[in-house]
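Participant: Chain by chain, the residues run as shown.
There are 4 protein chains.
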Amino acid sequence: MELRNSTSSRNSAIILIHCPDKKGLVAAVTRFLAHNNGNILEIDQHVDKLSQVFFMRVEWDLDGFLIPDDQIESEFSKHIGTPFDMHWQLYFSREKPKMAVFVSGYGHCLYDILARYDSGEWYVDIPLIISNHPHMKQVADRYGIDYHQFDVNQENKPEVEAKQKELLHSYEIDVMVLARYMQILSDNFVADYPGRIINIHHSFLPAFPGARPYHSAFQRGVKVIGATSHYVTADLDEGPIIEQDVIHVNHRHSVEDLARKGRDLEKIVLARAIWLHLERRTMVFENRTIVFQ
Amino acid sequence: MELRNSTSSRNSAIILIHCPDKKGLVAAVTRFLAHNNGNILEIDQHVDKLSQVFFMRVEWDLDGFLIPDDQIESEFSKHIGTPFDMHWQLYFSREKPKMAVFVSGYGHCLYDILARYDSGEWYVDIPLIISNHPHMKQVADRYGIDYHQFDVNQENKPEVEAKQKELLHSYEIDVMVLARYMQILSDNFVADYPGRIINIHHSFLPAFPGARPYHSAFQRGVKVIGATSHYVTADLDEGPIIEQDVIHVNHRHSVEDLARKGRDLEKIVLARAIWLHLERRTMVFENRTIVFQ
Amino acid sequence: MELRNSTSSRNSAIILIHCPDKKGLVAAVTRFLAHNNGNILEIDQHVDKLSQVFFMRVEWDLDGFLIPDDQIESEFSKHIGTPFDMHWQLYFSREKPKMAVFVSGYGHCLYDILARYDSGEWYVDIPLIISNHPHMKQVADRYGIDYHQFDVNQENKPEVEAKQKELLHSYEIDVMVLARYMQILSDNFVADYPGRIINIHHSFLPAFPGARPYHSAFQRGVKVIGATSHYVTADLDEGPIIEQDVIHVNHRHSVEDLARKGRDLEKIVLARAIWLHLERRTMVFENRTIVFQ
Amino acid sequence: MELRNSTSSRNSAIILIHCPDKKGLVAAVTRFLAHNNGNILEIDQHVDKLSQVFFMRVEWDLDGFLIPDDQIESEFSKHIGTPFDMHWQLYFSREKPKMAVFVSGYGHCLYDILARYDSGEWYVDIPLIISNHPHMKQVADRYGIDYHQFDVNQENKPEVEAKQKELLHSYEIDVMVLARYMQILSDNFVADYPGRIINIHHSFLPAFPGARPYHSAFQRGVKVIGATSHYVTADLDEGPIIEQDVIHVNHRHSVEDLARKGRDLEKIVLARAIWLHLERRTMVFENRTIVFQ
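Residue numbers (UniProt numbering), protein chains in the order written: chain A, 1 to 293; chain B, 1 to 293; chain C, 1 to 293; chain D, 1 to 293.
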């Protein structure tokens, strides 16, 4: 009944890298690890041919690794990161991310997230739920999670967002999930958390952005509907896509049927995106994601 | 934020019919309804060409229908059911079915069922959860649902099942869901509830029946894994299939990865099957289902 | 090795109906057939709840039917069509439609159509292929199909389209398929063949209409790509959708990979749409299709 | 209108490797290439955790590579292959594989293969078609491909297979495709071409092996049907799976409908498997495939 089979169950380190492509990059990184007795658990790389940019995710076993944990950063920087002009980030799999969930009136994504949290499927802490509605407080209470409700409107948004930032700060939140949160975050707010806010939109973007996508899908008479999880940027529904999926529909489905079938899609697509983020398998480049599955 | 868009939101009646195929069946049923001022909301039919058996599901509006509710059964029987030698069943959409959930150590299907129940997505009562483990009691408690735990083994199974039947009877249970319940029900037990026990099996049946299908799938090196929801019969994993779905996998997926990805599939496939059953959209014939979507 | 299992293998008639919804419609049509000893082979209906419009497709066996073929139209009109204010169309399954294929430089859809034609999968005649390129002449020649090439540009389009209409007329063409035909037909041309021109577009519409959808999909970083088959109307890529499907892609796929994977999707989606049209299973209403599968 | 975007359009070399897993493997291979000025175009690796076996596919640009083509094999062997106890195989992307197609009475897979061949989608030669029926000769003739028909039965099978082997030898065939070939090859025949015979089976294996899978699928009342492409081994329908896919079906589908819908699946799944093989993206280990997409 062990549910986790993620990196979190290992004593490992992960480095995410991007840099200008050149010969010898894979050799340099893998040699650095081999030289220090690091056993590679997973390695994956990608080259964006148009931009000539190299991406890599490598995870290795810390057991037996010759460099102490607190010196890996400086050693990697000295021998690899700086010489190859890399942007890179080091993670330890034992570090448990802290996640906040934003929700409004529809609870299906929140229920699903909390079920995974409660059953230990994800390696994450969820200390905070933020909402513009009272509806989901009862759900939060069941799991003993703090629930903060804000009545947001055009006038008080700057003030509310300031308070929300304080909360996020005090709870040391690493990543936010908009679980069908029906408020638009300000550009300022979004800019403070690049690549750290995950949204679920109830259509296969770029089709049907904005409000009421199931109504639009019905009007257009499409034969598939979809859901899209993406990182939030200043451009509404235009951020880099992490995960998408669709299901078939037909002329018999009313708008309500589309919404009903779509809810299942939304929660699964969002959960997959969250899992990929928590496992440090996503990178963003030029408004697209590299997802190392 | 109304989630239901099912028959339950209507004041309607549903008849499910099967009988030997002959000319004039659709005409007879629809004329009976039209003659009594019944507005058809949904009608669907199917003919099994090999067996020459006719199936129909018809739902009509009770508002304005000239026959009082308590006389529909006798009137339909006299004018249609008996003359055409039909097997048929009348339902009123306002009748709320009572469902019991059986669960063992894996909670993902149970969490999903209770989330739908709690949010009002389904028109159903869930007064009873039965388990052979203590693990899910806490989950049941959160929703205030009675949780009965039975330690089952080969010796005490008849005795335990007798007690379970008593419970099912006292709670007036209409339908049972085996939400990853890892005990095999006896033939006697199953025989008492034909077409009323819904199981989820974690493979695309008939491949990988029985125990540990994800291990078998891994061993065989399949490129898709699946989940199957079916009515339980005396033949293990051989009952009529209500719903199936699959996802793609590849050589990188360990058995644990298959199980993790499979859980999402299982809960969605089971939920679809339950919804179809609750909406009275399923019929069973010769170990296959007719599903009027 | 009989490939056809369509209506064409039967001696049957099909009526497609749409009219204002009212009580008794199904009863009236089915009673008319039963009264004249018509055995229903398939019947399906749909009510558009918003517009209160009723749709029906019914197919019945002509063997034993009491009304001679040449009087069905007038009898149905007198007893059913006119009294119920129906729009309706009668087809005999023995009538073999004549189809023209328009193609440009990409041949994958044409190859697929001709393979199905040659193997007898579809009940159709394909006497004519029209192109703005010479490339596919060799393919047409292999199957002995007349190939007419037109060099189209903005100036000569009216003149070319006039000649094409002559050809379509002289070959008695019932339905046209744009099999990746990269020319835009004029509004006048399209208006002459409502619901009789089927296009395939290489995206999941309404996303990525117009030119180079795979380039746009790549730029946007979508995780699924799609294909859409629709009836052509004056609004480019906005006609009623018959069929859509998608496949998953990821960051590794170049534009060329998307195009390669997309081609398989395009030909299958187009073939499904053609089959549905040839079987008279499609109806158009308010820019959406009703597809009686 | 360039269709190929495969390795064949590059001046590159590919090495497929498997060996016991140990630290430093990736470093050793990539350093060998970097040291000789080899620019890596694609690299992918996999470790089978249970067996502790390492797999790699690496492709690099030959332009500027310091080792002459005819010495790569010996150099790699000396510095990498032998020291690390590797099984490995070198390919040059300019080498065009020769493929034979075996076919019986159903032509849909053959049509699809020849369409791709004719349009230049694949980098392959197809000089030979072998059949136990005369039906497809006309199709072969259209493309100018030699067609050899053999009447096979239990008695003459050894003799026929001997003649087929002669043909395969004289045409220098690298890979065989059983495109719905309804004859079982002898164990001896299969043993002579390990990992070089690709079959398409019309079910999602391991469900419904053997004859008439669509009939069995109909009988069992499954809600999805599938197709499986695999390497042929002595155990019928039990060889390592390269590719699988499924589509949804329902109670309305007759056996003929399943076969009709399944044909589209078969040809696409087979084509994907052939493409993966031609691109040298498949490896076989313990009856499973590693597929480097």
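Honestly, the hints are just simulated from the structure, not real lab data.
Just to be clear, a hint being listed does not mean it is correct.
For identical chains, the list gives no copy identity; a pair is met inside one copy or between any two copies.
In silico lysine to any residue, SDA-like type, Cα no more than 20 Å apart, as pairs [unchecked claim]:
#, residue 1, residue 2
1, Lys261, Asp70
2, Lys96, Glu121
3, Lys49, Tyr123
4, Lys49, Leu62
5, Lys163, Asp151
6, Lys96, Asp187
7, Lys137, Tyr117
8, Lys22, Phe65
9, Lys261, Asn250
10, Lys163, Trp275
11, Lys49, Tyr171
12, Lys261, Glu279
13, Lys49, Ser9
14, Lys96, Gly195
15, Lys98, Ser74
16, Lys261, Ser51
17, Lys22, Phe84
Participant: Taking the earlier hints as the rules, which of them does this structure contradict?
Facilitator: 1, 3, 6, 10, 11, 15 and 16
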